[in-house]
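2 protein chains.
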Amino acid sequence: MGRYQSRGVSSKKEDIHKAIQHLDQGLFPTAFCKIVEDHLGEDPEYCNIMHADGAGTKSSLAYLYYRNSGDPSIFEGIAQDAIVMNIDDLLCVGAYDRILLSNTIGRNAKLVPGEVIQAIIDGNEKFVQLLQSLGIVITTTGGETADVGDLLRTVIVDSTVTLRLRREEVIANNLIRPGDIIVGLASFGQTSYETEYNSGIGSNGLTSARHELLHEDYAHQYPESFDPAIPQDLVYTGPFHLDDPLEGTPLTVGKALLSPTRTYAPIIKELLMEHKSLVSGLVHCSGGGQTKCLRFGQGIEYVKDNLFPVPPLFRTIQRVSHTSWKEMYEVFNMGHRMEIIGSAQLLPIVQEICAKYNLQVRQVGRCEASKGSNRLTISSEHGVFEYQLGRG
Amino acid sequence: MGRYQSRGVSSKKEDIHKAIQHLDQGLFPTAFCKIVEDHLGEDPEYCNIMHADGAGTKSSLAYLYYRNSGDPSIFEGIAQDAIVMNIDDLLCVGAYDRILLSNTIGRNAKLVPGEVIQAIIDGNEKFVQLLQSLGIVITTTGGETADVGDLLRTVIVDSTVTLRLRREEVIANNLIRPGDIIVGLASFGQTSYETEYNSGIGSNGLTSARHELLHEDYAHQYPESFDPAIPQDLVYTGPFHLDDPLEGTPLTVGKALLSPTRTYAPIIKELLMEHKSLVSGLVHCSGGGQTKCLRFGQGIEYVKDNLFPVPPLFRTIQRVSHTSWKEMYEVFNMGHRMEIIGSAQLLPIVQEICAKYNLQVRQVGRCEASKGSNRLTISSEHGVFEYQLGRG
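Quick mapping for you: the protein sequence lines, in order, are chains A and B. FYI, in the numbering used here the residues of the first sequence are 328 to 719. FYI, in the numbering used here the residues of the second sequence are 328 to 719.
Everything labelled a hint here was simulated from the structure, so no lab data went into it. Please note that a few of the clues may not be correct.
Identical chains blur together in the list; that is why a pair holds if it fits in one copy or across any two.
What the hints assert, rightly or not - Only pairs whose alpha carbons sit at most 20 Å apart, straight line, appear in this in silico EDC-like list of lysine to aspartate or glutamate:
1. K340 x E369
2. K345 x D449
3. K603 x D632
4. K345 x E442
5. K653 x E521
6. K653 x D342
These numbers were taken from a predicted model, which means no experiment stands behind them.
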């Protein structure tokens, strides 16, 4: 069993996929999110999407940071993480507008006081206001905070979103074809709508990143921040304390691991409003990292041979954990968290939009024909790696 | 600090109410659920509700039962709990139709295998089919299952629902007035749409009920089923094993604690479709138990002097825990989980509807005028108890 599995997480979630495989797949089975008929409006030209996701174990890290610094505002970023994990999935089906948002927070009330809940709720409101200022119309509808200390060691933050969408606007990822280019939007750096440098971590691979980087001091100080069933030699095995600088960035290690997940909503909205016909598909590189694309399209060989240089945080995780580079690309986004797939004409258009937001962009690869199931080849500065759906 | 607080839960959630008090209260601030404008349809005659809730620590009990029996199907009831905690809240604003449902499950993958997730998803689908057969149109939209062992000891099951509603159909609980009667719908017994006797427990007070009733053997066998920070003398302090019979019922203690939360949707739908004008308000006696009504209406003294006899499970919890009867009514529903408040003409109508579903019903009390804030007097077989919002 790998280090990742031994910590009780899997980037592939095989048993969960099995549990849901007999469920109705909705109107657009090939799409990034499940899409159902317009039960909310009963209009045959519309459809509905209700989608759920959360900040995952990133909240355990925020808890460490909060206990160490005494500053609950670090949880504002966790609220953003939970929202972006939803809305950036929505972008991949062509949805970016008139979104209803609800939160579900569970906490251990003995360890997580009201000021943390306040910070999550404030972060939620602030990020929604930022989105609105960027032209993304989203409305908070309330939510639930449950005191469930018998279930939760610390705190979990999830969000759910709902919207109606015109069926003709849906991107179902069924148009991806050989000859398409793959444009990657950077996960790192600082866009015009962010207030500081972003490490690019997003909200995936955090269990691994946290344990690989942080010092075992935290295991003794905050035993509530991890599963006691994890083998002791896999708990906080790293060299860093939260306040240590992360080489190659203006951030501390703690702040780098807690960089709020960047949204690509303003860029994708602008692109789709004007140039939707050029787009064959969109892939949010969340769980599964750079291999996420394998689930979309048919008979496609994804060739990624021009990735961004691996950002400092991922380089550091690899260096201290000795994780194989092949696995790194399966767990982390490694530099871009959104892929726009389509006509070669896309590149200058996306470049122009991204320039306005100070977001780095590049053609990271292309689609070729695959005889059987989808394949992926990554040719990187660290080697050439082959992937296939359902295989290692 | 009381036994309840020492276990890290509060039926009042003061700090959470404080954290959200500055948020926009929506279109109908007096209503049971937050209601917002019709962002989904942009029709001024409509409004939107998005609501979240879950099975709480009842899933820890299901985990015990599952580990003890090897039978994952016990988790089907947990799926029902999470759904009913939402839809029976929706009933209280007059909503019972065309509901979208999403689930958010978090688990410790080392302890909670795929067969449990499968049972939750199956339970979800089965209960939705039951609701549809009862005339409640609800659609599953998918959801998220996250492996977050560093956060979760076992498993948490939450649901979120969304719907559009005509504004004229909204029940905002603002019409509750002196002279109204309070009709209670039983939480215990067996309705025509249930397959076995229901203890009435619902999904509130389960942390307390579980620890008060169950034997300390479970503390040693399943330390992952509770917060290790709970003082040892408050962990599983009861006399019972899961398979022991519960006196006065056909159920074992385990099955009684796990009785799936009953929905009142078919009864409330039938009532509101024909007789909405007689209804001043609806109260789901969830968190806060019999004192939940205090949050609704203005200048009302709720007098409850004809409650159902306390069902066996709650009697047993009181007997073994020595909890004061006054506190029992603040934590548990104690016999009815839904209150219909309105004209005296309601009683025979509700009785007739309930008879069809084999659901016990009675007038449990009435509304009188209160000079200041709302008050509640419970005159029960166990004494007379006075309550006021924000006081003990």
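Hints, one by one, checked against the model:
{"no.": "1", "hint": "K340 x E369", "in the structure": "neither (34 Å within a copy, 38 Å between copies)"}
{"no.": "2", "hint": "K345 x D449", "in the structure": "between (37 Å within a copy, 12 Å between copies)"}
{"no.": "3", "hint": "K603 x D632", "in the structure": "neither (25 Å within a copy, 65 Å between copies)"}
{"no.": "4", "hint": "K345 x E442", "in the structure": "between (40 Å within a copy, 10 Å between copies)"}
{"no.": "5", "hint": "K653 x E521", "in the structure": "neither (31 Å within a copy, 52 Å between copies)"}
{"no.": "6", "hint": "K653 x D342", "in the structure": "neither (23 Å within a copy, 46 Å between copies)"}
Checked against the numbered hints above, the structure breaks hints 1, 3, 5 and 6 and satisfies the rest.
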